[in-house]
Amino acid sequence: MSATAGQAQGERGLAERLGLKSGQVVQEIGWDEDCDEALRESIEELTGNELVDEEYEDVVDVVLLWWRDDDGDLFDALSDAMTALADGGQIWLLTPKAGREGHVEPSDIGEDATTAGLSQTSSISAARDWSGTRLVTPKARR
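Taking UniProt numbering, the leading residue of the sequence shown gets 1, the next gets one more, and so forth.
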């Protein structure tokens, strides 16, 4: 395997850890220069689609929400993100890891997610500096 092929496979693995699949539409909210480009590229590679932004006017399978402690009200952001989700869709909340600028406490995520009507299903190391929390609507609401 060439170095380029190995690198592409490693990048694809980042998106696979999020449970993404080919053909899915992923909306990205909260992008800034501190976001992980390898993760973004791996999502586009795996899904075969470019990431869409907040202006996208159709439903999406997944919302990728980059969030830092000083970005505002997380409950409002989660509520807004849910409006674009297709039935059975999910939100991946990406926050800076502990010890990094902008870190969000897990208890704050849990509280705001529950208040927004979301259930936390898993947490992963999504990228070098970012943790990922998977949020879904409870099955009774789907």
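Do not take every clue at face value.
FRET-style restraints, in silico, Cβ to Cβ [said to hold, decoys possible]:
(1) ASP80 <-> PRO106: 28 to 34 Å
(2) ARG17 <-> GLU55: 15 to 21 Å
(3) ASP70 <-> GLY23: 31 to 37 Å
(4) SER122 <-> GLU44: 19 to 25 Å
(5) ASP73 <-> SER119: 15 to 21 Å
(6) GLU45 <-> SER107: 20 to 26 Å
(7) GLU111 <-> GLY23: 18 to 24 Å
Rather than coming from a laboratory, the hints here were simulated on the basis of the structure.
Yeah, the Cβ is synthetic: ideal placement off N, Cα and C, and Gly gets one too.
List in ascending order the numbers of the hints, as given earlier, that are violated by the structure.
Checked against the structure, the hints that fail are numbers 1, 2, 6 and 7, while the rest are satisfied.
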